[in-house]
Every structure is written in C-alpha cells, then in structure tokens.
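Participant: On the provided structure of chain Y, position chain P as indicated by the hints.
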Amino acid sequence: MHFAWDSEQRTFRSTVRAFLADHLPKDWESLAHGPASQAQSAFSRNFCGKLAEAGLLVPHWPKRWGGRDAGAWTSFILAEEMWEAGEPRGGQYMNVNWIGPTLMRFGSEEQQARYIPPMARGATIWCQGFSEPEAGSDLVSLRTRAEKQGSSYRINGQKIWTSYAQHAETCFLLARTAPGRDGISVFLVPMDTPGIIVREIPSLIGEGDIHEVFWDDVEVPAGALLGAEGQAWDIARTALSLERVGIPRFALATKMLLRAVSILEQAGRFGYGAIEQAARARAACEAARFYSYSIVDQRQHGIPTGPEASAARFATVMAERAVHEFVVEHVPEALSGGEAMLLAHHQRAIVAGIASGAAEIQLNMIATDLLKLPREPR
Amino acid sequence: MDFRLTADQGALAEAIDKLALQFEAKPTEFRGFALLGHELDKQLEDGQYFDIAQVPELGTLSAAMAVERLARVPFTAEFALSMLVRPQLPGEWPRPLAVIDKGRPGRFVASARTLIIIEADRIGLARPDPNDLESVESLFAYPMGRWKAGTETAQLSPEDADKVRKWLRVALASEASGLAHAAVASAVDHLTQRKQFGRPLGAFQALRHRMAECAVLAGGVRWLALKAADTADPGDAALAALHAQESATRIAYELHQMLGAMGMTLEHPLHLWTYRLKALLSDLGGRGGQALAVAASCFGDARDTLNAAP
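Protein chains in written order, with my numbering: chain Y, 1 to 378; chain P, 1001 to 1310.
Isolated chain Y, as found in the complex:
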C-alpha cells in the first residue's frame, strides 16, 4: 500500500490539465453555471469531440470501442480533473462512466454498433429515465408500462427528475413489462420518437437540469429492449455500482473551499471561526477522496466493489455539505451575484445526497451489508 501517484498517473493528470488549459475558453467559469444549461450543453458537444480526438474521452474503455484499456485509475483521474473544472463534458460524463460500459456488457451487437461509437466520438447525449412521480427511492414501484404488441413495444407513463432530457438523443429507460421487481425492463429509446414530451422543471439546481418526460403511446421496436425482459434490476445494479463512485464531487468541493478561503483571506475575513469550519470541511473532503480512491483501487485490480462504495458515496455527501454550508455562511455573496463558480458548485452540491439515489438508501445498504445489522421488517 502506498499513497503516492506513480509517474504514469502524474503524467496523465498533467496531460488532462494541459488539455483543459488549451480548450476551456477564458469565460468558461461563467459558462459553467450548470452542466445541462443551453450554453454549456452546446459547448460540451464540441468539447467532447475534441476530447475524443485527443484520446481523452474514453481511455478506460476497451480498444474495440475506441479506448485503450487504461484502467480505473485513469478513468477516475480524468473524472476528477473534469469535475474540478466544472464538468465541461456536460451530460456525456454518464456515457463515459456507465451507459457505455453497461451497453458493452448487456447490449446486443446491433445496439452496441449503433450506440457505442457515437459515445466514443463524444457526439451524443443520453438521459436516464428512472424516477417517476410515485417511484423515487422505491424504484420497484415504477408504473411506466411497455406492452409488447407484435414486433414492437408501446410505452406509456411518466418519468421525472430526468437530467439532460431536453438535450438527449437517447433515453436509458426503465419500464414495466410485467408485475413485480422482476417485471422491469430496460429500453434504449431515441428521444425524437413520436409521443415523447419533455418539460423542464424550474429548480434550485440550475438551468435545464431536471425535467418531466411524458410517454404517450410511444412505439419502439423489439430491438430497443436491452438484455432480456425483466432484467432491469441486474442491469441497473451494474449501472448504479459504476455511478455510485462516478462523480468525484470532492474535487470541485475542495477547489471551491480553497477559493472561498482565498476570498476571505484577501478580504481580511478569515477569522478563527471560519478557519475551524474550513478545516473541518477540508478534512471531510479528504476523507471522501480517499474513500473513493479505495473503491477505484478495487476496480483497478478487478476486486468486486461491495458496500464500501455506499460508504464512499455518503462520505462525499458529507463533504459537499460541509463545503457548501461553509460558503453560505462565510461567503454569502456567492449566491447573490458573486463568483459564478461558487454558485455553480452550490447548485451541484445541494443535490449530492439526492442525485443518483437518496443517501438514505446508501445508509441502509451500509447498515445491512457492511455492518450486518438486522434488516428492517417490510
């Protein structure tokens, strides 16, 4: 065990930083006020194409799909640098982290050939149709139906909280093909299919971030089914395990904490109370960082990740909370026309415990699977 970066890891990080320095415009931080905003989404399409050309979009993917089998550490260093910079990949980080790898595992040859190359080129945006008005954390109770009719499926229902829906070309959709947990299936659906209506939900978390998506008699061919009917639980579990330690939120949180401290120092406002709170937040960020690194290290060495991934996620939630609360208390101008990036961080940080599944679900998993506490009665 050792905690130093090796020369290959340092070189890769430098390469990514140099790329960012060369390709982010001077006004990037004012542009990066939300990964799903119109301005950033337009920028991201172009940016991801350049990343792909430089071999920096999917280096951890297999060679067959445009990568170089670079491993989990490379993927995570890349993710750290991107998130710390304000995530210039926009919604395409999902393709890179879990949609692509999930399709490589469960997709048919036709699906892989159709969907993976555009992801590897940085030329497409996806959204995930998981949550519904009556099915958030309790995903099993989802009601959107996909009924088989001859050689096609007819989909009816409603999804909610869907990020990137207004920009996405394709939806990774969960729909019910039969009753019960084993009756949920995954469909890959082009968002321009007739019958899909997207409505943005104005929110605290930034322009264009969350949406309602209505599915009204949407007809898709049988080939849109990913894997087998009823296999969604397996597929979603794979996807979520990749997503749980997917966003290195601690990286931007640490950067914004240092920036807030710098503002306070320059203004002569970094007094003892602020120092103590900032130090606690810094420690929380470091704890989240090394918790996450421990999961990345397991992935790198082919060790199946267990409930520790939930612990890493929860540590990250605590770090995000510590930093954004510090900023609100000591640099309140961030929410009133101050530094754009501090505001952007705040808007991302407040969903840390909600996006990708409620943190309370992670706590349940830690209690049951890590601590082996008795299960709650159902």
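Among the hints, erroneous ones may be present.
[To be verified] Derived, one-sided and incomplete: chain Y residues facing chain P with beta-carbon distance under 10 Å:
| id | residue |
| --- | --- |
| 1 | Ile275 |
| 2 | Ala284 |
| 3 | Met365 |
| 4 | Thr368 |
| 5 | Leu370 |
| 6 | Leu373 |
No lab work stands behind these hints: they were computed from the structure. All C-beta atoms in this analysis are idealised placements derived from N, C-alpha and C, irrespective of residue type, glycine included.
Facilitator: For chain P alone, kept in the frame of chain Y given last:
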C-alpha cells in the same frame, strides 16, 4: 496510488492480527476503567514490533496499521507513541512514552520512561524519576498519571518540535481509527442482540442510519491516518487528527445513546473504546488546535494550492 498490501505489509498485518486475537475479549470479571495489557506489551516488545517504522520494508505506514489494529482490542498498552513518535525523536529515548500537555494528567504517564512535555509552542523531552510520577484515578480508560515536575527537560529545536507534533497527530489518528472501529463493532453486537418492541434494535431505521454514519466516519479516519503515516506531510497529519477528533466526538455520543443504560455500565466493554476516544479529544489543543494546524499547512497560500502541479 495502490492500496494493495505489499507482501511484507501483508505478513505484518497477519502477525499483528494473530497477536491481537489473544486479547480480543474483555475478562468477564473486569469492571474497571483502564484494562491494562501487560502481556500485550510484553509480546509486542519481545516481537520487536515497536521498531516496525524503522524497518525499511515496513516503515511508518505499517506502524500506523499496527497501531490501528492493536487499538481495537479491549486491553490497552502504550504502543501508539512507541511505534510512531519514538522513532522520530532526536537521539535514543526509552519507552514507554507519555505526553504532558499544559501540566495536565496524561496517558501512561505513571509508567513512562520518556516524557514529551508540551508548553505552548515549545516541546521538551525528559527522562523522569519514577518517584516524580503518580497515578491518577480517571474515567478515561487509560492508565492516567501526573508528573510532579522537577526533572530537567531537553528543549527540542522548532524543527524537531514540529516533527514531533506531526507524528503525535499521526499516532492520535491511527489510534482513534482503531478505537472507533472497535466501538462501532461493539455497538453493532448490542443492536443485533437487544430486542425492543419485538425486534432487534438494529432493525430500527432511526438507529441503523446513525450507526451507518458512525461507520462512515470511522472509515474516513482510517484512510486519513494511513495516508498521513505514509506521506509524513504535516497538512495530512493535521487533517487526519482533526477528522479523528471530530468523528470521535460524534461516535462516542451516538454509540452511548444507542446502547442506553447498558453502555453506562462497566460490565459492557463499550466505554473501554469510547472513553479512550474521549481521552484523545483534548490532545494538541483539540479540534481548534488541529484546525489551526490545517490552516497553516493547507490554507496558508490557498491560491498557490489551487494552481499547484499534480
């Protein structure tokens, strides 16, 4: 960055684990505060485990891992300072070691052969006359003692003082990690066995979530302690110590709350870990002291840190 144990680290971990397993159970008749592990100390001495940090193939990270593991047993001995701080002292100083901070009673002081004396910014070392040391009754589950002063102290240079302070922080965090993990495990046992309202306490979400949060905190303390032991960076040491004290405060409170009256008894072993954790809370100025150390190392030049090379 590679978190797999080397062959040497793995062999050491196995040996320490085997040794620790002999001391896993609190003697049922014990109803006291400081459960002294004389035999534990002897076996560590005989096996030359106090010198782990100086073995090139093992080093300070392995020493921290050993401290972390040994802190999980209900018996206690002075191993944290011996394994992590003593190798950093200028010259040869005998063990056991103890810290006297602001003249207050300290852990293992009554049996110490080397005292680390902290007075404001200065740190001195002393070989005390045993007649100048006395035991003190204490709730902290360590043998606490007082120094009746008088011995001449060797003042450390500011550089050596900083180094000692740094390794005291690594020792604190490593020990706190082991204590926190053991305390959580002990409380999990209770919540699994104790039934109320017809089901185990551990099946109530109100307790499951808090217990899970305690486990997350303990895990974070472990990672920061190990990292600081490996990098020997003063900022890492300060972050590790701060997170340890911050987490210990929460964990000690939560676990006693969850154990109810049972956790107030001396029959249950929980206090052996929680009251050791509480004893660590005031070290080196407590959380406020660690925060200032973090600020000095991590915020001194925030703009440069932001622009630092990887």
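Participant: Now tell me, hint by hint, if it's right for this structure.
Facilitator: Verification of the hints:
{"no.": "1", "hint": "Ile275", "result": "holds, 5 Å"}
{"no.": "2", "hint": "Ala284", "result": "holds, 7 Å"}
{"no.": "3", "hint": "Met365", "result": "holds, 8 Å"}
{"no.": "4", "hint": "Thr368", "result": "holds, 8 Å"}
{"no.": "5", "hint": "Leu370", "result": "holds, 6 Å"}
{"no.": "6", "hint": "Leu373", "result": "holds, 4 Å"}
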